[in-house]
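What follows is each chain in one-letter form.
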Amino acid sequence: MTLPLEVTDLSTTLFTRRGEMKAVDGLSLAVDAGETVALVGESGCGKSLSALSIMRLLPDPPARIVGGAVALNGRDLVTLPEEVMLAIRGKEIGMIFQDPMSSLNPVTTVEKQIAEVLMAHGELGRGQARARVHELLELVGMPDAARRLDAYPHQLSGGMCQRVMIAMAIACSPSVLIADEPTTALDVTVQAQVLALLKRLQADAGMAMIFITHDLGVVAETADRVVVMYAGRKVEEASVDALFETPLHPYTVGLIGATPVPGAARADRLADIPGMVPPLNALPQGCAFAPRCARVMERCRHERPALTRPAPDRLVACFAVEQG
Amino acid sequence: MSLLALDDVHVHFATAGGLVRAVNGVSLELAVGETLGLVGESGCGKSTLGKAIVKLVPIAGGAIVVDGVDIAPLKGERLGEMRRKVQMIFQDPYGSLNPRSTVGRSVAQPLLVAGWKKDAAAERVDTLLGWVGLPVDAKQRYPHEFSGGQRQRIGIARALALSPRLIICDEPVSALDVSVRAQVINLLEDLKSEFGVSYLFISHDLSVVEHIADRVAVMYLGTLVEIGGRDQIWRNPQHPYTKALLAAAPVADPKAARARQRTILQGELPSPIDPPPGCPFQSRCPIAEARCRHDKPALRATADGGLAACHFV
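Quick mapping for you: the protein sequence lines, in order, are chains A and B.
Numbering of the first sequence is given in the working numbering, commencing with residue 1 and proceeding in unit increments.
Numbering of the second sequence is given in the working numbering, commencing with residue 1 and proceeding in unit increments.
Hints may contain errors.
Only part of the chain B face toward chain A is listed, based on derived beta-carbon distances under 7 Å [said to hold, decoys possible]:
1) V180
2) A182
3) I185
4) H211
5) D214
6) A257
7) Q261
8) P270
9) S271
10) D274
Treat the hints as calculated values from the structure; they're not laboratory data.
Positions of the beta carbon are idealized from the N, C-alpha and C atoms, including for glycine.
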């Protein structure tokens with residue numbers, strides 16, 4: 001059986017005046033129907049560029065996919081011409097962005113923006129679209145949905161704008177949904193509403209979901225499986241329970257240690273990771289995490305660890321873990 | 001005597017849409033050496049309150065007393081004296097540094113304004129950069145050459161320059177990555193134990209506040225709805241809004257996240273231009289009754305020593 005989304009060895013390079021930077025370097029991941037895979041890492045680790053690569057929405061120049069395949073329901077997107085991609089985006093694969101306010105068209109009503117998706121994919125004519133948009137707004141829990149049809153984005157709160165974005169993304173019932181930091185700009189109580197909404201929509205439609213976030217709390221609440229990225233590469237993959245119970249990669253250990261857990265016995269200090277994410281044009285030789293790593297060995301400084309399988313359903317790229 | 005005492009503080013903004021009561025009668029105290037967390041969602045008035053304490057926005061009523069001195073009438077030299085005692089760190093470390101000033105000049109500026117001699121100020125800058133973990137050569141460089149975490153360290157060095165007694169930290173780690181956020185939180189805690197400085201720590205991130213604060217104050221629509229010790233707030237929150245806020249915060253532990261029973265707060269924050277009558281929280285409160293719609297509850301003592309503003313506590 002083909003999975004809804006299967007990414008194999010995807011590589012995206014930024015071609016800039018300062019040289020070539022490998023923003024995504026050999027990323028593989030698969031998402032099953034009804035499954036949520038979280039893509040986690042700090043800024044600059046390549047999670048958003050991975051999503052844009054999958055959607056074929058990369059700004060070119062400077063970014064270009066240089067290798068690998070993105071199979072959406074068995075069809076490779078990387079080689080498709082843009083006209084075909086236009087028919088696929090929004091229909092088979094949807095995306096939600098971080099900043100809902102600036103992702104919506106400020107001079108068009110909510111109804112028109114959502115109807116545009118339906119009409120572009122030939123689902124409905126203008127006449128039926130309004131009723132369907134109303135239905136979609138109800139589905140995403142828009143308060144006072146009927147009245148919001150003719151509203152403009154500036155008349156809505158951030159949470160309501162994000163509901164509009166979600167309505168647009170799911171309008172054509174895509175089999176895959178990519179959510180790029182969908183709640184980062186929202187307040188906690190609204191974040192909880194939007195997360196619950198996404199989980200409900202996903203369960204009802206059996207969508208495969210990629211959830212990009214830097215917030216481990218959000219990961220713990222939404223993900224089934226987690227892919228941890230660092231400097232453009234996958235460094236660890238595990239089920240959400242396994243990852244939080246026994247994180248293997250020193251970077252994952254650091255991320256979890258750096259996140260305070262409310263209610264836990266108060267530690268005197270948070271475990272911080274020294275230094276910061278290296279710029280892509282100055283990646284160290286060997287393992288990219290080596291300069292910040294607590295378990296660094298001589299070998300790590302000149303040789304790059306490949307992904308190994310320390311347990312069934314787990315992947316990690318670390319020499320120290322291999323050694324035990 | 002408390003280091004900071006707010007008594008019924010009001011801050012109003014006149015906007016085209018009407019009068020916004022951004023801070024609507026807040027009273028609280030902060031003791032020497034204490035870290036008070038101030039939490040709430042956007043628009044609740046927490047940042048405005050922080051700015052009012054350093055006199056960056058004028059108050060429309062009430063009193064702000066710093067170290068026994070009412071700051072409202074202060075001008076000139078007396079105001080400068082107060083500002084030496086209370087400093088502020090901002091959310092966006094890039095936006096709060098002059099991009100055309102070297103780091104050394106930015107950090108030295110409060111010293112020079114306070115009348116330090118150039119040589120003494122330069123020496124002090126070296127010490128400050130050392131305290132916050134920046135290399136000495138940082139002072140010749142410009143803000144754009146630094147990462148977000150390093151810029152926040154620059155902001156902290158500048159705030160520390162005049163040995164303040166209180167630092168208002170307005171979302172100091174919200175713009176930072178997880179690992180760097182932990183570095184800055186640890187730095188703030190180290191500086192506190194070293195210099196005995198107090199913090200008013202403003203944040204929307206409850207897990208960070210739980211980690212750093214001794215006491216926590218919760219704001220909603222310009223009013224204080226609950227204040228209490230950190231453990232009391234987390235283990236036994238009294239106000240329905242505090243409960244909802246804690247229930248909504250994601251927990252970085254998948255088993256605990258699945259196990260907890262929670263009701264998600266419906267609706268969104270009402271507009272502060274047109275707040276609901278009676279209790280500000282009544283439009284979203286799961287236990288609101290008729291009297292909440294016309295009768296605004298006052299802060300009252302709770303069983304375990306905190307204060308909460310709810311008719312049903």
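The hints, checked one at a time:
no.: 1; hint: V180; result: holds, 6 Å
no.: 2; hint: A182; result: holds, 4 Å
no.: 3; hint: I185; result: holds, 6 Å
no.: 4; hint: H211; result: holds, 4 Å
no.: 5; hint: D214; result: violated, 11 Å
no.: 6; hint: A257; result: holds, 5 Å
no.: 7; hint: Q261; result: violated, 14 Å
no.: 8; hint: P270; result: violated, 10 Å
no.: 9; hint: S271; result: violated, 9 Å
no.: 10; hint: D274; result: violated, 14 Å
Of the numbered hints stated above, those contradicted by the structure are hints 5, 7, 8, 9 and 10, listed in ascending order.
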